[in-house]
Every structure is written in C-alpha cells, then in structure tokens.
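Turn these sequences into a full structure, and let the hints steer you where they fit.
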Amino acid sequence: MAAPVLEMEGISKGFPGVQALQDVSFRLFPGEVHGLMGENGAGKSTLIKVLTGVHTADAGLVTIDDVDTLIRGPLHAQRLGISTVYQEVNLCPNLSVAENIFIGREPRRFGRIDWKQINRRATELLARLGLDLDVTAQLGSCSLAVQQLIAIVRAVDLKAKVLILDEPTSSLDRGEVARLFSVMRRLKADGVAILFVSHFLEQIYEICDRVTVLRNGGLVGEYPIGELSRLDLVAKMTGQELTALEELDEASPDVVKGERLLALEGVGRTGAIDPVDLDLHAGEVVGFAGLLGSGRSELARLIFGADSADTGVIRTGGGPVALKGPRAAIDQGIAFCPEDRKGDGLIMDLTVEENIILALQVSRGWLKPLSQRKREELVGSYIKALRIHPPHPYALVKNLSGGNQQKVLLARWLITRPKLLILDEPTRGIDIGAKTEIQKLVVSLAGDGMGVVFISAELEEVLRISHKIEVLRDRRLVAELDNDGTLTPEHILQTIANGAADS
Amino acid sequence: MNRADAPSRHLGILKHSLFWPVTVLIVMLLANVIFTRDFLAIRIEQGHLYGSLIDILLFGAPLILVALGMTMVIATGGVDLSVGATVAISGALACDLIAKGHGLPVAIGAAIGASLLLGLWNGLLVTRLGIQPIIATLILMVAGRGIAQLITGGQIITINNQGYKLIGGGYWLGLPFAIILVAVALVVTVVLTRRTALGLLIESVGGNAQASRLAGIRSSGLIVLAYVFCGLCAGVAGLMISSNTLSADGNNAGLWIELDAILAVVLGGTALTGGRFSLAGTVLGALIIQTLDTTIYTAGIPPRTTLVFSAAVVTIVCLLQSPAFRARFTRKRPERPADPVSTGPKQEVTA
Numbered sequence: 001m002a003a004p005v006l007e008m009e010g011i012s013k014g015f016p017g018v019q020a021l022q023d024v025s026f027r028l029f030p031g032e033v034h035g036l037m038g039e040n041g042a043g044k045s046t047l048i049k050v051l052t053g054v055h056t057a058d059a060g061l062v063t064i065d066d067v068d069t070l071i072r073g074p075l076h077a078q079r080l081g082i083s084t085v086y087q088e089v090n091l092c093p094n095l096s097v098a099e100n101i102f103i104g105r106e107p108r109r110f111g112r113i114d115w116k117q118i119n120r121r122a123t124e125l126l127a128r129l130g131l132d133l134d135v136t137a138q139l140g141s142c143s144l145a146v147q148q149l150i151a152i153v154r155a156v157d158l159k160a161k162v163l164i165l166d167e168p169t170s171s172l173d174r175g176e177v178a179r180l181f182s183v184m185r186r187l188k189a190d191g192v193a194i195l196f197v198s199h200f201l202e203q204i205y206e207i208c209d210r211v212t213v214l215r216n217g218g219l220v221g222e223y224p225i226g227e228l229s230r231l232d233l234v235a236k237m238t239g240q241e242l243t244a245l246e247e248l249d250e251a252s253p254d255v256v257k258g259e260r261l262l263a264l265e266g267v268g269r270t271g272a273i274d275p276v277d278l279d280l281h282a283g284e285v286v287g288f289a290g291l292l293g294s295g296r297s298e299l300a301r302l303i304f305g306a307d308s309a310d311t312g313v314i315r316t317g318g319g320p321v322a323l324k325g326p327r328a329a330i331d332q333g334i335a336f337c338p339e340d341r342k343g344d345g346l347i348m349d350l351t352v353e354e355n356i357i358l359a360l361q362v363s364r365g366w367l368k369p370l371s372q373r374k375r376e377e378l379v380g381s382y383i384k385a386l387r388i389h390p391p392h393p394y395a396l397v398k399n400l401s402g403g404n405q406q407k408v409l410l411a412r413w414l415i416t417r418p419k420l421l422i423l424d425e426p427t428r429g430i431d432i433g434a435k436t437e438i439q440k441l442v443v444s445l446a447g448d449g450m451g452v453v454f455i456s457a458e459l460e461e462v463l464r465i466s467h468k469i470e471v472l473r474d475r476r477l478v479a480e481l482d483n484d485g486t487l488t489p490e491h492i493l494q495t496i497a498n499g500a501a502d503s
Numbered sequence: 001m002n003r004a005d006a007p008s009r010h011l012g013i014l015k016h017s018l019f020w021p022v023t024v025l026i027v028m029l030l031a032n033v034i035f036t037r038d039f040l041a042i043r044i045e046q047g048h049l050y051g052s053l054i055d056i057l058l059f060g061a062p063l064i065l066v067a068l069g070m071t072m073v074i075a076t077g078g079v080d081l082s083v084g085a086t087v088a089i090s091g092a093l094a095c096d097l098i099a100k101g102h103g104l105p106v107a108i109g110a111a112i113g114a115s116l117l118l119g120l121w122n123g124l125l126v127t128r129l130g131i132q133p134i135i136a137t138l139i140l141m142v143a144g145r146g147i148a149q150l151i152t153g154g155q156i157i158t159i160n161n162q163g164y165k166l167i168g169g170g171y172w173l174g175l176p177f178a179i180i181l182v183a184v185a186l187v188v189t190v191v192l193t194r195r196t197a198l199g200l201l202i203e204s205v206g207g208n209a210q211a212s213r214l215a216g217i218r219s220s221g222l223i224v225l226a227y228v229f230c231g232l233c234a235g236v237a238g239l240m241i242s243s244n245t246l247s248a249d250g251n252n253a254g255l256w257i258e259l260d261a262i263l264a265v266v267l268g269g270t271a272l273t274g275g276r277f278s279l280a281g282t283v284l285g286a287l288i289i290q291t292l293d294t295t296i297y298t299a300g301i302p303p304r305t306t307l308v309f310s311a312a313v314v315t316i317v318c319l320l321q322s323p324a325f326r327a328r329f330t331r332k333r334p335e336r337p338a339d340p341v342s343t344g345p346k347q348e349v350t351a
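In order, the protein sequence lines correspond to chains L and R.
Start counting the first sequence at 1; every next residue gets the next number (UniProt numbering).
Start counting the second sequence at 1; every next residue gets the next number (UniProt numbering).
By construction, these hints were calculated from the structure, which means they are not laboratory data.
Owing to the predicted nature of the structure, the values given are computational and were not obtained by experimental measurement.
Using N, Cα and C, we set each Cβ at its ideal position, and we do this for glycine too.
Don't take every hint at face value.
[What the hints assert, rightly or not] Residues from chain R that keep clear of chain L, each with C-beta distances beyond 10 Å, as calculated:
(1) 139
(2) 160
(3) 171
[What the hints assert, rightly or not] Residues on chain R that point at chain L, a partial pick, calculated with CB under 7 Å:
(4) 194
(5) 197
(6) 198
(7) 217
[Said to hold, decoys possible] A few chain R residues facing chain L, derived, Cβ under 8 Å:
(8) 127
(9) 131
(10) 204
(11) 214
Below, the structure is given as structure tokens:
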C-alpha cells in the first residue's frame, strides 16, 4: 500500500471536565474507505473536528502527504484537501444544484458569471459519478440523499484528497444508500481517501476496507475489516471484554411480574423503527439493548407519544389508547427521561425546584398550583432521597453536574408516581457513584411495582438490572431475551452482531 | 419574585436583578430635581393629585400596559410588533362607534373584542402556521394601520364624551383613572402568573420548548394565550390614548409603541430569548423610558438632539444591565469569602 495521505499521531484534546481524546493515532491511505467506529462520547466527532480545523488539538501531530501541518480552520482544511460532508447538508437550499457546486468560485467571463459554463461543468461532474440530474433545479427540491451527493461532488471538485462522511446514511433509505456507496466506490477508484462514520454495522462491512475503533476518548485499535468479526467489533466499541463476567452472579432480583401495563402490537414509525410487538408489565425492568441508531430511543419515544407511531396499536389494561402526545402518555401514567438531558429534558434556566415540580404541576393544570409548603415538602424529600447536590431547591439546574441533573429529571417523574418509567441512557456521562445510586433506585422502584424500561449502551448495566432484554439492531427489534441468570453480555453481543437467529 | 436569587441573597442587594433598573430610575428622577426644584413634589388641587411624578405615571400608563402584554409574549420566546397597530385600531373603533351615537359599553366592548381577536390572529399564525413571531406580527403591524385608517376614513375622528374621557384623562378617587387601570392590570397579571402555575409554564416553554413538550405542556395554547393577552393590553392602551385626547388618529396613535414596549421589557431584565420574565422589571423599564421623555422636556433639551440624548441614556442603561460589561469593572475585586453555610462546589453565583 502507498504512503498514507493523512496521519494523526498522539492526538489529545480536552474540554473543561472532559478528556475527549487521549493519545489517539489515526491513518488514512489514498483509495481506501476507512470506518471510524465508537459509541457516543467515544471521541469520533472530536477527532473529525480536529481534522477539519474546528478544534485545535492540545497535543499531537497531523501529517498530510508527509508534511507536518497545523490545521488552522475549516477553510484551511479545505485548502489542504480535506472536505467534510455532514449528515445535515450545509449547502444553500435556495440556490440551484450547479450554483451550489460552484458557490464561492464561480467561473467568470468578462467579469461576469459564466452561467453556461457553470451548468455544463456541473453536469459533467455529476455524470462522472454516474448521476444524471437537472443542475438548474433548486437544491431544496432535491431529496436529502441527492443533496448529500451534491455536497460530495462539490467537495471532490475542490480537489479533496480526504473526504469525511459523517453519518451520511442515517436518514437514507436502502436505495439511496446503494447509490451513495456506488459514488463512494468510484471516488475510491480515483484515489480519494474516505473517512466514513456510520452506526450501521452492515454498511461498515459492506463498504469499508479498514476500521479504527475509539472508546471513551482513547484508541482501541485499527483493523482490516476482513480480520474483525462483527462480534469483536461490537465488543471493542462497547468495551465489554468477554472475559469480564464475574459480577454476573449478583444478577437480577426476583421477578414479581404484575399486571400488564402496556401492550404494543405492531407499533412502528417509518424511518425510525420497524413495527414492534412488546408487552410491558408492572414490577418488571425491561432493558433495551442495541447500538446507537438501532432504534432503542426511537421505540421509547413512540411509547411515550413523543413521536407518533404510524402503524400498530398500543393497549393498556383498559383497551387501546391513542398516545397522541406526551400529555396523553402522562395521563396514562407513563414517564420518560430522555437521552438528551439538556436539550429534551431539563429547563436549564429554571431552578431545581421548578424543574422537579414541572410535570406534576402540568398534570394538575395551571389553575391548581402546588402550595409553597407542598412544594418544599415534595422537592425537599426527593433532594434528600436522591441525594441531589447541592441540596438547594433554588439552585439553577444549569449549574449542577450531569449526574445531579439526571437526578433532578428522575425526581420530576417520580413525584408524578408513574406506573411505567422509561429511562433513556439515565447513567450516561455521570460518575460511577451516581450511576450505582440510579441503578439501585431502578431496582427498588420495580420492587415497589413500577414498570421500568431501561435503555443503556452498557450491556453489563442492562444485564444487572433488567428482567427481560429487548435487543434492537438497525431499527428492528431482533430478539427478546429472558434474563434468567444464565444470560451473559456475550449472548447479547452475539445477538446484536448477528441479528435474530434467522436473519 | 425572583426566586433564582435566593441562594445568593447574602451577596447583597447588588446582585438583585432589579438593582440596576431601580438605580437608573432613581438617578434620573434626582437629576430632574436639578432642573426643576419641585420635581418630586406632589400637590393636591380640588381633591386631585398633581405633580411631575403623577404625570410620569399617567403618561406612561399606556406604555406600561403594552409592555406588560409584551412581557408575556417575550417570555414565550416570541415578540409582538403589532401592538402599535392594535392601539390604533382599538382607539379608532371606539371613537368611531361613539361618534356614530353608540353607547360607551358597545364602543368599549367592540374595541376590546377586536383587540382580543387581533391577538388571537397573531397567536394562531405563530402556533398553527409556525411563522416566526417577528414576521407573523409584522403582518398586522403594517396591515393594522391600514385597518385603523379604514375605520377612521383616513380622518382624525374627534368626539365629545366625558364618560369616555375618564379612561385616559379623568380622575377617580383623586388619582388619574389610567393609573388605577394600570395598577389593576398589573395586580391581575401578577396574580395570574405567580399565584397560579401559569408563570412557571410560560417560563418553561420560553426556556426550552422541546423539553416542555416532553414534560407534557401543550405549549401552543399557552403561546396563543400570551398573544391574546398582549392584544388585550394594547387594546386597553389604545382606549387610554384616544380617550386622553378624545380623538382617534389611525396614522399616529401608538406609533412605535411596540419598540418602546420591547425596550421596557429588556430594560426590566427579561431576555428576548424567552424564559424567565420579571413583571416588576418591565414596569420599571417603562417608567425609565417615560421619565426619560419627561426629562427631555423639563431639562429643555433642544428637540433636534432629543433622539441622540435618549439613545445615549438607553445605551448606558443597557450596558449597566449587561453582566459581561459589569464584569470588566468588577473582575479585579477580590473574592468575597464564601459563606460558611454554603459549602457547595460552585462558588459562582448567578445574578
């Protein structure tokens, strides 16, 4: 193989409170498709941002074509031949396809823009990648997939040596993915080095030559894809070394399965999750296992009515219900702590107390405010029970640490006394102490008869507290496993890697 | 009212969010004493209160009212540019009906009803059609002036109705009626937002609409309510303005009052991005603006420099309000020793 077009060595990058990258090395050769793999928070985005000049690394060396280079900014990166196409295309939807390809460097004739040449050259460029499009059409009228291809065409025409595709396939359907891949193969044949980020394992195995795996900001390794089984890849991403099973015997508490709370029959949503059948019982902890993008959060959002299902029926003990929105779900006794605490969960500018009473207050209606005394009593008892720190109800939530913010969010739902509590990654990004506290709390809540859905990327955690584990992959529910004490992370990894036994 | 400040109470009055607006207002009032010795004096003539302070309250009444409504809209993360037009429409409708011989209740009822409808229109444009508030209300800001002129037939309608005169120019219990009206509106607003959960829900929606939805809040109803309330406030302000002069001018009534109202809200410490709002702050902001106007007259500032003068004062007030600006001057000050009771990891206190 030729010399690498790009080499990153010993890259470290820290942000206040987080070491996002620690001594990571990365190589990219001309004419290869290289997968960058890792769960959320592994450091993929930071690495890409260092590469595109958005962040400057604290330490480490970037070499492009054997020349030490300091990438000063996105524009500079582009000039060095590094182009990026993001999942959200950042082109101008109100301009034509051709204009978007040539924006900022329009061919001119006698000082005026040469439209004929723009359109002709745009058509040629597209044709070279096997695309036949009307280049005068507005970009906004094209599908997202086509927009992405146009962004790629633009990047390639900018003499890109390195093309970074950051989750380009997450909103594409199968046909569109195939088209993208055929374009990628042509570019590869032309000697372009492609860095490809995707959460879909199948796509990684279909298109990539090699993969680099990151975990928790550190480098796990670089592997030719042919030498790495899916099982190994998943294990390396999640850090579940298959030998570390010693804690399993403390396993799950006794199952006291109560009445059926919810039954999902063929509930699904196009582009989010294929139809699912699922029963949820009182007193039972159901774990959702799967990689990011597997549909685990999407399914949770459907159960809470945060997104509406386009197929299927949800039944409660009293018959079918239409969960048209979160409010309807709350009225059914369902509570949901979303994965994105800051964006979807808490109101950062309000106090701990206001955030905690919010959902209860909403279901009481605005005309029946909780009295000052009642609020102090409720909030005080939950601050104490969940050990929220600082224990001050009037502190602003944005000044709390991640773990304490998570507890505030939990408290918000616990005071509504829900029948079913859905927790999406409740322990992500919080320290080990708070993590254990939250796990214990979940177990004891289920012991008191609450139904819990527990979503986590950490299989050990899911195994430790769940009675039943739903395994999701590529937006499908592929298996339901009973956590009878014999189940190991290996089983789950196997299922994630292979899909259901029959597929 | 500002509960967020509670943990920092020991850091003193300087950190209170209303400290700077109050200080500015007091300084401006005192500055006026230099030009007019008896500026702060209040005298009683024929059982009515008179004086510059009363004048500021009286002339500022419509602005306070409009700014109260504006506060609720801004708290939801929106803005209402159409209040000036609503002021004009409301005044024009009432005067036109009175001029045509209808009774006061009909005239006032129609004006208020129209204002509520205009607010509802804005609210529906924002929530149902998802138009950005600044654009949605711009429609009515421009078109509303046209509607007002249609009602007045392009003329200035003058009427002679002493009952109507009471609203904006009359006295009741020794006080200008407009001041009483504003006081009642303020109390009702405070009770509605702070004695019920409405204020919390509005601050929640303005602070993070997505998270509010997932907490079960149906935000569109709340947002519509804010615009309707804002329309109502503007409508009553329109009655005051037209009643004070017993005339309706579709072209000039309430002209640019939306900008003064937005300024009042911002001076009062409510962020344009939505979320936390302060009604007391808004009232102070409106009073600062009105005092500034009065000062320009009493200090005898030449008319051609008034705009520059007010621009300068507003700039200063805004700078004083800005934590980033103040930090430049306070950064060097040594840290106060931490209160032994508050041993939290965060010493940083938000104002």
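Results for each hint:
Taking the minimum C-beta to C-beta distance to chain L, about 22 Å, the non-interface status of residue 139 of chain R holds against the 10 Å cut. Annotated as non-interface, residue 160 of chain R keeps its C-beta farther than 10 Å from every C-beta of chain L; the closest such distance is 44 Å. Every CB of chain L lies more than 10 Å from the CB of residue 171 of chain R, the least distance being 36 Å, so the non-interface label holds. For the restraint placing residue 194 of chain R at the interface with chain L, the shortest Cβ-Cβ distance is roughly 9 Å, beyond the 7 Å limit, so the hint is violated.
For residue 197 of chain R, the shortest C-beta to C-beta distance to chain L is roughly 4 Å, which falls under 7 Å, so the interface hint holds. A cut of 7 Å between beta carbons decides the hint on residue 198 of chain R: the least distance to chain L is about 5 Å, and the hint holds. Below 7 Å, beta-carbon pairs count as interface contacts, and residue 217 of chain R has one with chain L at about 5 Å; its hint therefore holds. Violation of the interface hint for residue 127 of chain R is found here, the shortest Cβ-Cβ separation to chain L being roughly 14 Å, above the 8 Å cut-off.
Hint on residue 131 of chain R is violated. Least Cβ distance to chain L is approximately 18 Å, over the 8 Å limit. The restraint placing residue 204 of chain R at the interface with chain L holds, with a minimum CB-CB distance near 5 Å, inside the 8 Å limit. Evaluation of the residue 214 of chain R hint against chain L yields a held restraint, the C-beta minimum of about 5 Å falling below 8 Å.
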